[in-house]
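Asks: As a plain string of letters, each chain reads:
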Amino acid sequence: MISRKLAAVWEGWEKFWFEAEGVERMTLFRRLAAILMLGSYLVRSIDLELYFGENGVARMAVLPEIMDPKYKLSLLTLFPGDTAMWVFNGIFLGALLLLVVGIWPRWASVLAAVIHISFLHRNQSAGYGVDTIISFYFLYFALADWKPGSLWTSMAYRLCQIQLCIIYAYAGVHKLKGTLWWKGEALWAALANWQLARWDFSWAAHVPILLIIATFATLIWEVYFPVLIWIKPLRPWMLFFGAVFHLGIALALNIPFFAALMVFTYALFLEEDQASRVNRRMESLRFFRKVPVTTADTVIV
Amino acid sequence: MAATRARFFVKLGLSLWLVFHLFVIAFVPNAQNYLGVKLAPLVGPYANFFELTNAWSFFAPEPGPPPVFIEYELLGKEGDSLRRGLWPDANENLVFRDRLNRRIAVAEFMISSEQRAEKMMAPYLCSRNPDAGSVRLWRVAYGLPGFEEVSSQNKPLRDESRIERHLVSHNFCEEKK
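Residue numbers (our numbering), protein chains in the order written: chain A, 1 to 301; chain B, 1 to 177.
Next up, chain A with everything else stripped away, as it sits in the complex (with noise of 0.2 Å):
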């Protein structure tokens, strides 16, 4: 008895991190994402020498005082210098390169995770949202062998999925603890932000019950995610307002590459022949390499 339903469990287990068809939704997002993180990081090399270099923020020197290094290895500590980090950042830069064209998407991935955690453990302070998220994704990518049938782009697949909802999840309940997001107030304290904020948003203290609707909308639609992505009925809907309220982000708060990239995660809760579709037309461009065409008696260890 009781060995049978650890079979059953085993059965679930494996049929859902090892056996899911994957490849095209993960090849979707890994282009759409190497796109985006080859603009974000070109445009971060204009300031390396200021987040990175040895007469930026952030000196080698200091950095014992300024940050924790425990298990925070870097390539830019153990090879120190303006050169090395310019060499770095054109080998990082090559490697999405090769991630959005599809050449050898397995090792780009290895050498893209690397030299992002590099970077970031070199200097945490000059990393937001964006890269943070990314950072998880160049880890799975580089687990899948980007083959259809394949366990490793199943299991990788799987993790980018369960990823973001652990992301929205904690994103979430984090909420839950702030007065400002209890009283309905929270969009009004990001719009009035100054700083981040697009356009003058003085306007809309004149329709607060806007602001209170928007703020527990958002709270609401975060914390039920992770749940209600998984019903398919839901799904578009799920995605939909993500969609919607990712849009709205870019444009209010003026984080374009932060709300794309949330966006671009939604490929992985598309149906795999909607994947499909937009990755031939992609294709069409000749620019990208073709996903390998599945075979029904391919199973890949």
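Treat each hint with caution, since some may be false.
[As the list claims (entries may be wrong)] Restraint-style ranges between C-beta atoms, simulated for each label pair:
(1) B:A55 with A:W182: 15 to 23 Å
(2) B:T4 with A:I91: 37 to 45 Å
(3) A:L210 with B:R83: 40 to 48 Å
(4) B:G79 with A:W104: 53 to 61 Å
(5) B:T4 with A:Y71: 32 to 40 Å
(6) B:A26 with A:D200: 39 to 47 Å
(7) B:S152 with A:W237: 46 to 54 Å
(8) A:E11 with B:A26: 20 to 28 Å
It is worth saying that the hints were derived from the structure and are not from the lab. In this text the structure is predicted, and so the values were computed from the model without any measurement. From the three backbone atoms N, C-alpha and C, an ideal C-beta is built for every residue, glycine too.
Position chain B against the provided structure of chain A, taking the given hints into account.
Replies: Frame of chain A; chain B shown alone:
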């Protein structure tokens, strides 16, 4: 048969790693508790090494710090005031807005501790301004008005009377050899 067996053991090994990894990514964002302290030796090295330490507290528990800056005054070798300024400088001509976003992230990091502000900003400003003999730093945070204050009292969003300003340090610049 051997291949099936090998596949089973690969899956079993991956499953063990998955359980550990899932535990880490689900647990680390809420590790500031008794369990967190007890499990730190097990989870910490792995989470730190792979940078899995984010708390995912976007705009939470409150929607971010208010506008923050490091204010500085550069003094000449004789103690005369050379220049004053704010960092990040909103008037700096940054074509890509993301450049300002990263500067704001750095400012928020520095504002959280006097030591960070001093150790990061003072040597940076000295190296950028060779004529400076010393640099004075302040942490500056602007309070934000509530929507009722704006709608009924016409308060501006950027209200200079709500500034909190704390002196961080006065550092002498190292002489270049």
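Asks: Take the hints in turn and mark each one as holding or not.
Replies: A quick look at each hint next to the structure:
With their beta carbons about 19 Å apart, A55 (chain B) and W182 (chain A) fall inside the hinted range of 15 to 23 Å. For T4 (chain B) and I91 (chain A), the hinted distance range of 37 to 45 Å is satisfied, since their beta carbons lie about 40 Å from each other. Checked against the given bound of 40 to 48 Å, the beta carbons of L210 (chain A) and R83 (chain B), roughly 43 Å apart, stay inside it. In this structure the supplied range 53 to 61 Å holds for G79 (chain B) paired with W104 (chain A), their Cβ-Cβ distance being about 59 Å.
Hint check: T4 (chain B) to Y71 (chain A), Cβ distance near 38 Å, so the stated range 32 to 40 Å holds. Here the CB-CB span from A26 (chain B) to D200 (chain A) is close to 40 Å, well matched to the stated 39 to 47 Å. Under the hint 46 to 54 Å, the C-beta atoms of S152 (chain B) and W237 (chain A), about 37 Å apart, miss the expected range. Evaluation of the 20 to 28 Å hint for E11 (chain A) and A26 (chain B) yields a pass: the beta carbon distance comes to about 23 Å.
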